[in-house]
Amino acid sequence: MVAGVCDDRSVVLTLSSGKTLRGTLRESLSIVQARDVCGRTLDLESAYRQLFTSPVSGWAGVIVVFCPETGLPSLFCLEALPFGATAAVYGFNRMARSIWFVGVRMLNLLWTNFYDDFPHLDLVVSGAASHKCSVELFDLLGWAVSHSEKKDKAMAKSFTVLGVVFDFAHSCAGFFEVYNKPERIEAMCKVVQQHRDAKTLTPHDAASLRGRFQFAEAQLFSRMGALMLRPISERAHSHALSFLNEEIEVAFSWLCDVLCCAVPRRVVCVGAAPPLVVLTDGACEGACFENVTCGGVLLDPVDGAVEFFGFVVNPAILAEWTELGARQTIGQAELYPVLISLRFWHLRMRFRLVFFFIDNDSARQALIKSSSDSVHSRNILRACADCLALSCSYPWFARVASSSNLGDDPSRLEFEIFIFFPGASRVYPEQPCTLKFV
82 MVAGVCDDRS VVLTLSSGKT LRGTLRESLS IVQARDVCGR TLDLESAYRQ
132 LFTSPVSGWA GVIVVFCPET GLPSLFCLEA LPFGATAAVY GFNRMARSIW
182 FVGVRMLNLL WTNFYDDFPH LDLVVSGAAS HKCSVELFDL LGWAVSHSEK
232 KDKAMAKSFT VLGVVFDFAH SCAGFFEVYN KPERIEAMCK VVQQHRDAKT
282 LTPHDAASLR GRFQFAEAQL FSRMGALMLR PISERAHSHA LSFLNEEIEV
332 AFSWLCDVLC CAVPRRVVCV GAAPPLVVLT DGACEGACFE NVTCGGVLLD
382 PVDGAVEFFG FVVNPAILAE WTELGARQTI GQAELYPVLI SLRFWHLRMR
432 FRLVFFFIDN DSARQALIKS SSDSVHSRNI LRACADCLAL SCSYPWFARV
482 ASSSNLGDDP SRLEFEIFIF FPGASRVYPE QPCTLKFV
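Each residue of the sequence shown is one higher than the last, beginning at 82 in this note's numbering.
The hints are simulated quantities; they were obtained by calculation from the structure and are not laboratory data.
C-beta atoms are modelled at their ideal positions from N, C-alpha and C, and glycine is treated no differently.
Do not take every clue at face value.
Cβ-Cβ distance ranges computed for the label pairs, FRET-style [claimed, not checked]:
#	residue 1	residue 2	range
1	ALA235	CYS158	38 to 46 Å
2	ALA209	PHE182	37 to 45 Å
3	TRP477	CYS214	38 to 46 Å
Each computed BS3-like pair below joins lysine-lysine, with the alpha-carbon atoms no more than 25 Å apart [what the hints assert, rightly or not]:
#	residue 1	residue 2
4	LYS231	LYS262
5	LYS280	LYS231
6	LYS271	LYS238
7	LYS232	LYS213
8	LYS213	LYS238
9	LYS213	LYS231
10	LYS517	LYS450
11	LYS271	LYS232
12	LYS262	LYS238
13	LYS262	LYS234
14	LYS232	LYS262
Put together the whole structure using the sequences plus the hints.
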């Protein structure tokens, strides 16, 4: 909606099929009004109980319970869909989707559905009418919607869907924000504190917490979940342990701190800058692979900037990588320049798409999954996750052949190639003193 309205009053919408619809904004709407979005979530009342079971399958809808008063078994026949049953979910979803279809095709409602929740968007100028239209549609179809104070809310610039807040307060400026409902984060931190006080975490509770943390993290820029949830996931698959260990304690502290302080995820719809391109590489040379160097190049199509760096890895960092006896550190050397790029160019990357090109496939996979079997690689990935959360950027990690990698030369401290790039400038990023996470 917001991205489709251009400053010259033209409207350009690209469909999922790739087809483009073009038109002109109607005279009764200003450009600001056409980008002023509001929404709400409509929730059905006791959704499953509004659908009857089929008489044909009545034989499968009988529950037998022993009655202590009569000393005989009592039979209870299900007349409505039982909540949670597999067939009931499929049956209900078919009906819910049909309601969505009627609203879209016959009433032009801009909405979707997730089970019995119907998130609904519209312009502020027509929000009240659209709200009334959707409610009357359910009345006509014979469905009861929730009228509780908690769920029956008018169209607003900010609304909640499944514990996630969509904030359209800045939609006129061309962007909106997504973040977790504060009450949900508070509830999660409270549960964590209860486990800390009890000093126990059963596999069942670990699995539940892992799912809640993963869902909450998915609404943000953060990518630390796979890293910091590792000890919690291991506990979820354990069949004996229940006490808290230091790893789980550290994970709890970090996850709660990050979720409480996380920056809302901003989705830029109008005026988004073109993607940045970053190419990085690492090199390990010498008889014992003791000469470890890294390089990186940034290309910014906004101002045509070409910046590059090349350096010898800080001896203190290299000592950390080899402290367990490892001689070959190419995996860390390939990840390290990505971290340096994120640290040094974080202002350019803010709220932008960033394409990272790497010529090492294991490093690329580690960055995509934000996980690694190597503790030293995990330390780099954790630092990368911190930088991505703070810069609020959207990374994409792709492989590039070494022969096509512009970062290959600077990673060997060779910079002659950049004479072919007028205006290219060498930068000197500062390296961290340590990557160990305490």
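Results of checking the hints against the structure:
1. ALA235 - CYS158: 38 to 46 Å: holds, 41 Å
2. ALA209 - PHE182: 37 to 45 Å: violated, 24 Å
3. TRP477 - CYS214: 38 to 46 Å: Holds: the Cβ-Cβ distance is about 40 Å, inside 38 to 46 Å.
4. LYS231 - LYS262: The hint holds at about 14 Å.
5. LYS280 - LYS231: It is violated: about 35 Å lies between the C-alpha atoms, which goes past 25 Å.
6. LYS271 - LYS238: violated, 29 Å
7. LYS232 - LYS213: holds, 15 Å
8. LYS213 - LYS238: holds, 17 Å
9. LYS213 - LYS231: holds, 18 Å
10. LYS517 - LYS450: holds, 20 Å
11. LYS271 - LYS232: holds, 24 Å
12. LYS262 - LYS238: holds, 15 Å
13. LYS262 - LYS234: holds, 16 Å
14. LYS232 - LYS262: Given that 25 Å is the threshold and the Cα spacing comes to 15 Å, the pair holds.
Checked against the numbered hints listed earlier, the structure breaks hints 2, 5 and 6; every other hint is satisfied.
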